[in-house]
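Sequences and hints are given; from them, build the entire structure.
There are 2 protein chains.
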Amino acid sequence: MDKTRTVRWGILGTARIAEKVSVAIQQASNAELKGIASRSTEKASVWASEFKVPASYGHYQELLADPEIDAVYIPLPPSLHAEWTIKAAEAGKHVLCEKPLAMDVNEAKMMADACSKNGVQLMDGVMWVHHPRTKMMKEKLQENILGELRRVTSAISFCWDEIPLQNIRLHKNLGGGSLLDMGWYCARAILWVFDELPVKVFATAKFVNEVDLNLSAILWFPDGKRASFDCGFDSCMRKWFEITGTKGVLNCNDFTRPWDLENPEFQVCDTFGNCEKLKSSTHLQEVCMIESFCDNILNNKPDDSLVNDSIRTQIICDALGESAEKEEIVIIKS
Amino acid sequence: MDKTRTVRWGILGTARIAEKVSVAIQQASNAELKGIASRSTEKASVWASEFKVPASYGHYQELLADPEIDAVYIPLPPSLHAEWTIKAAEAGKHVLCEKPLAMDVNEAKMMADACSKNGVQLMDGVMWVHHPRTKMMKEKLQENILGELRRVTSAISFCWDEIPLQNIRLHKNLGGGSLLDMGWYCARAILWVFDELPVKVFATAKFVNEVDLNLSAILWFPDGKRASFDCGFDSCMRKWFEITGTKGVLNCNDFTRPWDLENPEFQVCDTFGNCEKLKSSTHLQEVCMIESFCDNILNNKPDDSLVNDSIRTQIICDALGESAEKEEIVIIKS
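Going line by line, the protein sequences match chains A and B.
Residues 209 to 542, numbered by the numbering used here, are exactly what the first sequence covers, in order.
Residues 209 to 542, numbered by the numbering used here, are exactly what the second sequence covers, in order.
A couple of the hints might just be wrong.
Same chains, same names: a pair is fine if it fits in one copy or spans any two.
[What the hints assert, rightly or not] Listed below are the simulated EDC-like cross-link pairs for lysine to aspartate or glutamate, each with C-alpha atoms no more than 20 Å apart in a straight line: (1) Lys455 with Asp442; (2) Lys414 with Glu356; (3) Lys455 with Glu370; (4) Lys325 with Asp517; (5) Lys348 with Asp511; (6) Lys408 with Glu536; (7) Lys228 with Glu258; (8) Lys414 with Glu530; (9) Lys433 with Glu418; (10) Lys414 with Asp431; (11) Lys408 with Glu535; (12) Lys433 with Glu370.
Hint data in this document are derived by calculation from the structure and do not stem from the laboratory.
Structural data, given as structure tokens:
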């Protein structure tokens, strides 16, 4: 294996999302999966054999101490992201951290600082931005066919049959709640369109266990642009956004992951309702994410815009969370 | 002509929307168009000959005094709706009044009272609720395939190239603004789904000339149900709603008027993104509206639910307008 061409990965924790990302690391052309760590030696070892990972570690710190590992993926609960990202950075590892990046923007900035200081890359685990469809949609936006951009509307939800009170998504101290879990995607999508922070936000939520089971939001941007979204664990699966300009509308019905992986589509409609359906290539977005992350490392060109996007997403989510608790408008200081 | 089988119509004013409705009256099986009134004798007479209407009147009151007229359609600016609806009711005429019904709910209730006292029917000019597609969508909702209803999202907009400051839609004293013009449809759609008033609302708007050029809103309903919409004169044409339940989503991309009149469609999707496209019959909704209105009269069964829907829509719009001015939540007292 040509070490100059691959990044050697370790994974901290055996959460379910780690399975998908481990496969992506194994499939990526410039990555190899070297180790898995769990708080339980046995769990790590079982996982390693199931997913064909050479090394297993009974403590996260052990994995971080391994000089054969260049980068780590952190699928731990949000409340542990800062601690382990910073420890990984201090151990000289690049960090791909599952979203939400952190519990709040202070943590997020500490993580970014630690990575910057140690010369390692930090990125959150939002996959859809790495799908070729996303680039294609951005190109359409840049062609200016929508006219002046006015607003983004988005919705992401799924529905539990019964509320699983044990689920970490329903524990405030672990970083639960629909805003950080799903609203993170909506906020990122809105940022991806407008590429600037809102000036103020308003949100309302239904709380269970002090955690938002759902949330609806309005975001005000400079020049009168606006966005709104809803997210939640209590409505049928949705994952769409609509970008509206003066002359056209761009719709994507499944931006976080295509309903049909073979048909990553979106459509652009004009003011008469005439729509053009566009289809991108069908790369797996999790593999694209890993390859893009590794490319930056191998070419020694860390992409600051990725950290910046994570931090801005966190700023928006912090403000939305505060607004939802008070049910009042929250100003975002620039 | 069998007088027991037709309602004889007059129109108060020659606004552009009157052209479409006059054609609908002429096409409806149980209606005939007898007269047109304008403040100008000449304008009325020219209009009458162009649209083949037997009688023309140089004053609205003259038309109301004609015993050969059973019902009037009022396409005047909103600020004149109360005055002329009440005068028409006192003259014993049934009233189809263009939306928004009134400037505020006090006016709306005075209009409803005057019609009730004089034994005439009152209805607002929202056409889409009379389209056969609407009944078909309601049946789908009642089949309970969406599970428990959670939320409605809606958007209605069109875009002026330049803001026409002379347009009555931009004059506050005439009843202008995107909320009353287009938000009226969104509010009605939300009411049509939930069939109850929200408990509170929040709205924000961009004001020009003291009139809302656009507006974004969140509405809270009993049992945690929620709705949101945006409307405006400054974004590409849109006219959709999405109804979300725990198990499914119903989408209609053109509920106020099908993009393609020959294809009045909507779709129902499940939680896996499997969608069924449904198509209704293709009746012209303005003709359906007139025929339904006339049926009620001819069968001597005035439909109170129609007035009730208008008044509830007005209550919602009043609260949204107040909220948008203050940018604060407004409670709706039941």
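Among all the numbered hints in the text so far, which are the ones the structure does not match? 5
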